[in-house]
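Once you have looked at the hints, place chain B on chain A.
One-letter residues, chain by chain:
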Amino acid sequence: MRLRPGLVADYRSDVAIFRSNVQRFWFAVLLVAVVLLGLGGTLPLIPGLVDFSLTGDLLLIAVSAVFASIGAIGLNIVTGFAGQVSLGHAFFLGLGAFTGAVLGGSEVTRQVVDLSTGQFVEKTLVVGYQLDLSIWLPAAGLVAALAGLIVAPVAFRLRGLYLAFVTLGLVFIGDHLFREASILTGGVGVGRPTGVPSLFGFRFDQDGEFFGIFLEKEQKLFFLGLVLLIVLGFVAKNLARSRVGRALAAIRDRDIAAEMMGIPLARYKMIAFVVSSFYAGVAGALLYSAIGHLEPGTFNLLLSIEFIAMVLIGGVSTVSGSIMGAVFITFLPKMVKWLAGITVFGLDPFFFISDSPAGGFVNLPQMELILFGGLIVVFLILEPLGLYGIWIRIRNYWKAWPFSY
Amino acid sequence: MTQFLQALVNGVSLAGIYALVALGFVIIYKSTQVLNFAQPALLLLGGYWVVYVATILGWPFWIAILVGAGLAALTGVIVERTTLRPMVGKPVFAVAILTIGLNTVITVVALDLMGVEIRQMGDPWGLKFVKFAGLNIAHRQIAVIVTVVLLVGMLLAFFKYSRMGLAMRATAFDQEVALTQGVSVSTVFAMSWGIAAVLAMFGGVFLGSGVGFDRSAAVVALKALPVVVVGGLDSIAGAIVGALMVAIAETLAATYQPQYATFLGRGFSQLVPYLVMFLVLLFRPYGLFGTKEIERV
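Residue numbers (our numbering), protein chains in the order written: chain A, 41 to 445; chain B, 193 to 489.
Bound conformation, chain A alone (with noise of 0.2 Å):
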């Protein structure tokens, strides 16, 4: 066993979360690694040559990555583990954002004149409760498991592709209730401001200590981000080898078989809708608190679209996919960015990407579009197993080398 790495001799052993010692350590070293970075430890990539450390908005755009993985793992348990296209991902994450901003954030008001009495009066503009992060957070979690068990009798009538389309009139329709009901959203436009990360009065947004470690307010919703990442990334791994991971994986290979071998389909797809709508609210709630400020308008297609582009390019129906996928796409403006700004000998190769919205041929955030389109084709071409397979190819690379067999 200790020679063969890769033999696995019983059932046990091949549906572990570690397949092996080496997988641990290697885990153990990532951790480090990323916990390192969150410090505001410098990581030498190439010894010498680059380093790497989160500073300044790359800290705050690692911490959008951080809550845009729990996201992508939720599209993946419905999309990746059942099969199941999901185009209203952008509506569950709506849900869950702004049930976390009304129970979690502040109340809205404004002074306006009472045209009966002449005297000014307070007018709630946005209602608030500001609740504590224990409430608000698993609350966004459920009220966005809860249409998403409203919507899965739907899908458990619908066959595949008469799916995509539902779910994508889900997404106009949230969009719309999300522009209409501006006592809760605030409106197209204003929007609110969104749930406090204070766990029971300690402040994630706030600097300050933390067993006499000083930390900034991004670090802290960082390692927030990275603990919540770690106990539904196992939560969704553990899915995944359970009796109703294998059940999944049953109906996305062929759903009549497994409803044959006595899978109750509807079951299942509704356990798998459920789950994945409430890693959506978490992820939802927490992506906008820690901007602060929320908007109606933001709950599109093209949010769905983005989150596809994140299980796709990391790879479909894995947990460790989801993450690296969605720390990509998070980083790809940054990447553009820079992309942008690079120059080779004294030419500028990508001379079509401006800066400004007007001048060049693209600008930074349509380069962005054509990217997210653009990997998703290239990733279902080329590879579909996305940066996963990338990874396995390169280590059974490396683990025959230097023998191509």
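Keep in mind the hints are simulated off the structure, nothing from the lab. Heads up, a few of these hints could be off.
Stated by the list, open to error - Under 8 Å between C-beta atoms, here's a sample of chain A residues computed to sit facing chain B:
hint : residue
1    : V125
2    : R197
3    : F205
4    : H216
5    : E220
6    : H333
7    : G337
8    : F412
9    : I416
What the hints assert, rightly or not - Residues of chain A clear of chain B, computed beta-carbon distances all greater than 10 Å:
hint : residue
10   : F240
11   : G248
12   : G413
13   : V417
14   : W431
We treat Cβ as the ideally placed atom computed from N, Cα and C, and that holds for glycine.
Just chain B now, kept in the frame of chain A:
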């Protein structure tokens, strides 16, 4: 009553635009089993070609239509050759998601070419309208209806009488059998993408005629997707019936909802296509005219 009839007239002309986009969708789905989410983007790009030839180059509108149709067909064929061909035989979901990616890319490119201002099509109809029994019927509305009837007639004749049409029907029936009978399936694939792109272009032209063409066209084109679902993914008659249903429901909602149901909010009529889709799917999971999938395990 006049109000109702006016809504009906607007609905029928809107249905023409939806039908054009939906038809292209159905043709692609029937012959290649690809769910083409990129149809809205093809509408934008097709519309831009006509705008480019008619107003930027300043050529006559009719020639612009012809050149635009050529360019649109070329776009469709290029898209099919470069991105869809490598995906033959892959799971339908993967291909559907790929077209979503394509839609994003093509939309951005088309919007960037178009810029932010509203572009005139250079069409002869403008905003002129005729009065008939108290109704205002715009010239462009008549043009839409006439064109759709003509195009559908031409398409049906093409499928029924031409050699290529027969090949397309054979491919839709069974790709492998068609292949063994000497049908060039790859030509059929290219052909159906070309036809779909040209139909989408006509949709773009009518969307932009008179009022002008701008980025909001993408939102309208997206509403043609529920139309396809209502009619059934693989039914040409379904695409037309679905378009009529959805468009008339939408214009009726646009007419009456602001008066009688303000609590539903502004712009509620934009949602109606999706609601109609939900309703139809609840009772008929394969749309009104769609073939029920029968699968062997």
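Violated hints, by number in ascending order, as checked against the structure: 6, 7, 12 and 13
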